[in-house]
Amino acid sequence: MLRYAVRRLSFLPIILFAVSILTFCLLRVLPTEDIADVIGGSNATDQQKEAYRERYGLRDPIFPISVHASMPVVTVQRHSQYSDWLLRALRGDFGQTFTSGKSVRSEFVRGFPASFEIVFLSLVFSVIFGITFGVLSAMYRNSILDYAVRIFAVLGTSIPEFFLLSLLIIIPSYLWRYSMPVGGYVSLLEDPLTNLRLFVPAAFVIGIGGSSGLMRLVRTTMLEVLRSDYVRTASAKGLRQRSVIVSHALKNAGTPIMTAVGTAFIAVFGGSVIAEKILSINGNGLFFFVSTQSRDLPVIQFLAVYTAGVVVLINLLVDLSYAWIDPRVKYS
Amino acid sequence: MATIAEGKGIAATDSWELPENRPFFSRWARTARDNPVGAVAFAVVIVFVVLGIFGSSFAPYNPREQSVPDKFLGPGAGHIFGTTKFGQDVFSRILDGARIDLKFGAIVLVLGFLPGAALGVISGYSGRWLDYLIQRSAEAWTAFPQLFLLLTFIAAFGPGLRTVELVVGIGALFGGSRLLRAVALVERHKEYVAAARSTGATEVRILYRHVLPNIMPFILVGLSSVFAIAVLLEATLSFLGLGVSPGTPSWGADLNTGVQTGGDKYPWLVIFPGIAISLVVLAFNLMGDTLRDILDPRLRGSTGPRK
Numbered sequence: 000m001l002r003y004a005v006r007r008l009s010f011l012p013i014i015l016f017a018v019s020i021l022t023f024c025l026l027r028v029l030p031t032e033d034i035a036d037v038i039g040g041s042n043a044t045d046q047q048k049e050a051y052r053e054r055y056g057l058r059d060p061i062f063p064i065s066v067h068a069s070m071p072v073v074t075v076q077r078h079s080q081y082s083d084w085l086l087r088a089l090r091g092d093f094g095q096t097f098t099s100g101k102s103v104r105s106e107f108v109r110g111f112p113a114s115f116e117i118v119f120l121s122l123v124f125s126v127i128f129g130i131t132f133g134v135l136s137a138m139y140r141n142s143i144l145d146y147a148v149r150i151f152a153v154l155g156t157s158i159p160e161f162f163l164l165s166l167l168i169i170i171p172s173y174l175w176r177y178s179m180p181v182g183g184y185v186s187l188l189e190d191p192l193t194n195l196r197l198f199v200p201a202a203f204v205i206g207i208g209g210s211s212g213l214m215r216l217v218r219t220t221m222l223e224v225l226r227s228d229y230v231r232t233a234s235a236k237g238l239r240q241r242s243v244i245v246s247h248a249l250k251n252a253g254t255p256i257m258t259a260v261g262t263a264f265i266a267v268f269g270g271s272v273i274a275e276k277i278l279s280i281n282g283n284g285l286f287f288f289v290s291t292q293s294r295d296l297p298v299i300q301f302l303a304v305y306t307a308g309v310v311v312l313i314n315l316l317v318d319l320s321y322a323w324i325d326p327r328v329k330y331s
Numbered sequence: 000m001a002t003i004a005e006g007k008g009i010a011a012t013d014s015w016e017l018p019e020n021r022p023f024f025s026r027w028a029r030t031a032r033d034n035p036v037g038a039v040a041f042a043v044v045i046v047f048v049v050l051g052i053f054g055s056s057f058a059p060y061n062p063r064e065q066s067v068p069d070k071f072l073g074p075g076a077g078h079i080f081g082t083t084k085f086g087q088d089v090f091s092r093i094l095d096g097a098r099i100d101l102k103f104g105a106i107v108l109v110l111g112f113l114p115g116a117a118l119g120v121i122s123g124y125s126g127r128w129l130d131y132l133i134q135r136s137a138e139a140w141t142a143f144p145q146l147f148l149l150l151t152f153i154a155a156f157g158p159g160l161r162t163v164e165l166v167v168g169i170g171a172l173f174g175g176s177r178l179l180r181a182v183a184l185v186e187r188h189k190e191y192v193a194a195a196r197s198t199g200a201t202e203v204r205i206l207y208r209h210v211l212p213n214i215m216p217f218i219l220v221g222l223s224s225v226f227a228i229a230v231l232l233e234a235t236l237s238f239l240g241l242g243v244s245p246g247t248p249s250w251g252a253d254l255n256t257g258v259q260t261g262g263d264k265y266p267w268l269v270i271f272p273g274i275a276i277s278l279v280v281l282a283f284n285l286m287g288d289t290l291r292d293i294l295d296p297r298l299r300g301s302t303g304p305r306k
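Chains A and B, in that order, give the protein sequences.
Mapping of the first sequence onto numbering that gives the first Met the number 0: residues 0 to 331, in sequence order.
Mapping of the second sequence onto numbering that gives the first Met the number 0: residues 0 to 306, in sequence order.
It is possible that some hints are incorrect.
What the hints assert, rightly or not - Listed next, the stretches of chain A that the computed footprint assigns to chain B, with coverage defined by at least 3 CB atoms under 8 Å from CB atoms of chain B:
#, segment
1, 20-30
2, 152-158
3, 162-172
4, 286-298
Stated by the list, open to error - From the structure, some residues in chain B lie toward chain A, with a derived Cβ separation under 8 Å:
#, residue
5, A142
6, F143
7, Q145
8, L146
9, T151
10, L231
11, A234
12, T235
13, L239
14, D263
15, L285
To be verified - Covered by chain A, according to a simulated footprint, are these stretches of chain B (three or more residues, beta-carbon under 8 Å):
#, segment
16, 153-166
17, 264-273
18, 277-283
Honestly, the hints are just simulated from the structure, not real lab data.
Small disclaimer: the values here were computed from a predicted structure and weren't measured.
Here a beta-carbon is modelled for each residue, glycine too, at the ideal position from N, C-alpha and C.
Same shape as in the complex, but just chain A:
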């Protein structure tokens, strides 16, 4: 299994390399506008634009290898926007943002704890809520609880997250004049109470909203498993219901559930942009959003590669968890 993990991880650099080339094409080749115009805005003077071109190396070709229709067919340049970016990125330097000139890496590191906390807490709520109610609704099929869970599951996929989060801010304020400590980010260690007062309700709303897919899947998988022979045998030999459900049924439903947990993670991860925007949390989601608005290409370039890395790692973890849950799954 270790060998399998190492082999899968060895693909990671290749995937990141491909993603970096694709995003470079998307951000720098396809758009027809002059990037210097994008940085400077409409009222930049020609002189300023020249300075931008000089500073960000925009006069270099985008890729080091260019292909022509006439001789010489292939030419290689020493400097190009992509190769310069790549060589620096390999040393951990992802350049400066266009808007503030600060290092992309230090901005990312600053925003990371807040994003991590919101994604982690939301996922925890999502998983607890999704699995608990999915199992209960399968156990008590066609009961009132089951109907409630099923209605909830449809509502959860239909009500947008930004609506729920807006209500979370507005309703307590309208009814009880209670306002959440919105804005900025106070670390958990510095001031735990203020931190949790903001993050717990927010993560609760995001988590519950995101749990509907998981809940649906847990319910259908459990219904299938509960019908199987080994579950009937386990109850017949007099095991307590709790141990039948937890160690016989739930464990055998484990692999599809882990897949859904992976999907839930991707959903929560994507949703962090909206959450951070509405609650003004200074995390990487807000960083992504603000950079999109100002079309800050170095930031987007880095965050795209980072997102690809996260997605690949999560998929790897999900695959490895199969072997951990189900001894029949063997990787070599």
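On the provided structure of chain A, position chain B as indicated by the hints.
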């Protein structure tokens, strides 16, 4: 040469319609009675489509007209959903907001989903390298959070509905190809295909005359999930200020304006647009679920929209 095996008789056994030869309307009434939730959802969808076409003519006020003395009126007799900061009628803006979503959904459907569906049928039916290429690209595309893809494309091409249409359209292309590929894979092993083949029909003819009519209903399933996703994403992007141009009546943008202009004092500015989005997305989701249950219980739960 048309033979008996190629006629309607055999194809109809796999068909989704009710077997009786009842009159058109009573068949519909019966389907509606068996699926009351689906029927209500379908009615909401019809209302949405009608509003999308004629919305502003039903509106009691001009949705863009500003009237400063009437600002921030609560829901009441004159304005049933209240008024905005500029005294615009919230109810009229919601009626008119259906238009942008209907147009958006239609564009995504025609330029993304339908070509994707065609590709899916061809790749599922004839397979090989085309199938491999489409499936791997679809997997790569759907692995990323949709919102991140949208933001990356917006950073490249600038904000606006055009960019959002492009990205959501690509998503629908892959979604359509996936759904119809799954259907075509099942369909190509059915007896009527073998029967048609045994009469000497060419593959193109089988695909066009036999497979296509049988998978048509699944286009409707895809249509409802395309609209559910389209309405949700248009609202999200307009909420973030990256979709419609400022001032255009759009549920997502209006909700955002509501939050910005003091939603904690005037909650109707937030609640009504939010309910409009949720209701329409819910209706499309439920309509899709119902259609899928009627068509093919085996596909239950396999193609639900992802957030």
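A quick look at each hint next to the structure:
For the segment 20-30 of chain A, the stated coverage by chain B holds: 5 residues have a C-beta nearer than 8 Å to a C-beta of that chain, and at least 3 were required. Check on the segment 152-158 of chain A: 5 of its residues sit with their Cβ under 8 Å from a Cβ of chain B, so the three-residue criterion for coverage holds. Requiring three or more residues with a Cβ within less than 8 Å of a Cβ of chain B, the coverage given for the segment 162-172 of chain A holds, as 7 such residues are present. With a threshold of 8 Å between beta carbons, the proposed coverage of the segment 286-298 of chain A by chain B holds, since 8 of its residues qualify and at least three are required.
Satisfaction of the interface hint for B:A142 is found here, the shortest Cβ-Cβ separation to chain A being roughly 5 Å, below the 8 Å cut-off. This hint holds: B:F143 has a C-beta 6 Å from the nearest C-beta of chain A, less than the 8 Å allowed. A least Cβ separation of about 7 Å between B:Q145 and chain A falls short of the 8 Å threshold, and the interface hint therefore holds. Given hint, B:L146 at the interface with chain A, holds; its Cβ is 5 Å from that chain's nearest Cβ, closer than 8 Å.
Hint on B:T151 holds. Least Cβ distance to chain A is approximately 6 Å, under the 8 Å limit. At a threshold of 8 Å, the smallest CB-CB gap from B:L231 to chain A is about 6 Å, leaving the interface hint in force. Against a cut-off of 8 Å between C-beta atoms, the interface hint on B:A234 holds, since the closest Cβ of chain A lies about 6 Å away. Because the closest C-beta pair between B:T235 and chain A is about 6 Å apart, less than 8 Å, the hint holds.
The interface hint given for B:L239 is met, as the beta carbon of that residue sits about 7 Å from the closest beta carbon of chain A, less than 8 Å. The interface hint given for B:D263 holds, since its Cβ lies 4 Å from the closest Cβ of chain A, which is under the 8 Å cut-off. The beta carbon of B:L285 comes within 7 Å of a beta carbon in chain A, closer than 8 Å, and the hint placing it at the interface holds. With 6 residues carrying a beta carbon less than 8 Å from a beta carbon of chain A, the segment 153-166 of chain B meets the three-residue requirement, and the given coverage holds.
Counting residues of the segment 264-273 of chain B whose CB falls under 8 Å from any CB of chain A gives 5; the rule of at least 3 is met. Coverage of a stretch by a chain is defined here by at least three residues with a beta carbon nearer than 8 Å to that chain's beta carbons; for the segment 277-283 of chain B and chain A the count is 3, and the condition holds.
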